[in-house]
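**Student:** As a plain string of letters, each chain reads:
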Amino acid sequence: MNALSVLIVDDSSVMRKIVDRSLRQAGLELKEVFEASNGVEALARMQQNRVDLILSDINMPTMDGLELVRQLQAVENAKGVPIVMITTEAGEAHVVQALSNGARGYIRKPFSPDQIKERIIPLLQG
Amino acid sequence: MDSEYKGVSPNRVQLIISAKSSGLRGFVSKLAGLPREETQQRFTQALDSAAAEVFEMMVGTPLGPSDEATLPRVADYTAMIGLAGDLCGVLSFRCSHESAARIACRMLGTDENTSAECIRDALGEICNMVAGSFKAQVSDVAAQCMLSVPTVVSGKDYQLYPLVDGLRIQVSKTFEGALIWMTLDLHSS
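Taken in order, these protein sequences are the chains called G and P.
As numbered in my numbering, residues 119 to 244 make up the first sequence, in order.
As numbered in my numbering, residues 15 to 203 make up the second sequence, in order.
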């Protein structure tokens, strides 16, 4: 698998670092890591950059992850890019809404690098 | 969640936590219909298990047992997160400054000193994840329960006063030998 460019969206800078580290521990080689602390920042990053994978929290101020996924559908650079929600809000209603808005999967916090690997690698290969 | 600040002296702060459901007036807490003792036991186990899961997976340090059941009068850090909907209340996580700094270091995978901002961020996420994991474990009574964004209070001279008409779940554990505390205050309606 080629080195990846990823966008990590979470209002917690600590959590963004943990996600970054977990991706590397899962065996993924990262070329570029873009970060955003809410949906608005993430949309701005995606207007300027192309990535291979987007990982987003749901519960964030300014614009939450569910609205971000919905709005990403209209962003040219995000077309075909798998979006995975990483969230504490892993109840059925949130998952259904995230998937219907365009997300390809979700990972519940807390998570292990193995769970990242199991959920993300098939999306990148498929 | 409303927090009311009342200055007792220029240097002293009391936080009165009022976590009645706001903006979700159609919801009625499911807590009211549950047997109190069974609920207390079940929720205590769920909170204990949620904390264990979060520390093992995200901090990389298993929590140890504690004999200390009482809450600290004041902890250096208190992270709080509001619950609304099926369960209404506040989950708080309290620890010393030393424990908070160590938790942040473990989460970031570093031994270097972390900034106060990183420490607050880390504790907020711990509280958020414990609340999310707790919710998942009692999903039969918390399916329509929403979480607020976390709030972190730091300092030496403050007290928290939860409203008294509900159910209080307290779990104390040890993290690297030091006591940490989690409290869930739930309203019955």
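Hints are not guaranteed to be accurate.
Claimed, not checked - To list a few chain P residues with every Cβ distance to chain G over 12 Å, as calculated:
{"#": "1", "residue": "Arg56"}
{"#": "2", "residue": "Thr58"}
{"#": "3", "residue": "Gln59"}
{"#": "4", "residue": "Ala60"}
{"#": "5", "residue": "Ala64"}
{"#": "6", "residue": "Glu67"}
{"#": "7", "residue": "Asp135"}
{"#": "8", "residue": "Asn142"}
{"#": "9", "residue": "Ala156"}
{"#": "10", "residue": "Val167"}
{"#": "11", "residue": "Gly169"}
{"#": "12", "residue": "Lys170"}
{"#": "13", "residue": "Tyr175"}
{"#": "14", "residue": "Pro176"}
Stated by the list, open to error - Dumping the calculated EDC-like pairs for lysine to aspartate or glutamate here, alpha-carbon to alpha-carbon at most 20 Å:
{"#": "15", "chain 1": "P", "residue 1": "Lys187", "chain 2": "P", "residue 2": "Glu70"}
{"#": "16", "chain 1": "G", "residue 1": "Lys235", "chain 2": "P", "residue 2": "Glu112"}
{"#": "17", "chain 1": "G", "residue 1": "Lys235", "chain 2": "P", "residue 2": "Glu67"}
{"#": "18", "chain 1": "P", "residue 1": "Lys170", "chain 2": "P", "residue 2": "Glu112"}
{"#": "19", "chain 1": "G", "residue 1": "Lys235", "chain 2": "G", "residue 2": "Asp182"}
No wet-lab data here; the hints were simulated from the structure.
Source: prediction; values computed, not measured.
Backbone N, C-alpha and C define an ideal beta-carbon position, used for all residues, glycine too.
**Student:** Please go over all the hints and tell whether each is borne out by the structure.
**Tutor:** Comparing the hints with the structure gives:
1. Arg56: Holds, since 19 Å exceeds 12 Å.
2. Thr58: 20 Å, holds
3. Gln59: 18 Å, holds
4. Ala60: Fine: 14 Å to the nearest Cβ keeps P:Ala60 off the interface.
5. Ala64: Not fine: 9 Å to the nearest Cβ puts P:Ala64 too close to chain G.
6. Glu67: 6 Å, violated
7. Asp135: 5 Å, violated
8. Asn142: 5 Å, violated
9. Ala156: 8 Å, violated
10. Val167: Its Cβ never comes within 12 Å of chain G, the nearest being 17 Å, so this holds.
11. Gly169: 21 Å, holds
12. Lys170: 24 Å, holds
13. Tyr175: Fine: 27 Å to the nearest Cβ keeps P:Tyr175 off the interface.
14. Pro176: 22 Å, holds
15. P:Lys187 <-> P:Glu70: 13 Å, holds
16. G:Lys235 <-> P:Glu112: 33 Å, violated
17. G:Lys235 <-> P:Glu67: This hinted pair holds, its Cα atoms lying about 19 Å apart.
18. P:Lys170 <-> P:Glu112: 13 Å, holds
19. G:Lys235 <-> G:Asp182: 25 Å, violated
Comparing the model with each earlier hint shows violations of hints 5, 6, 7, 8, 9, 16, 19; every other hint is respected.
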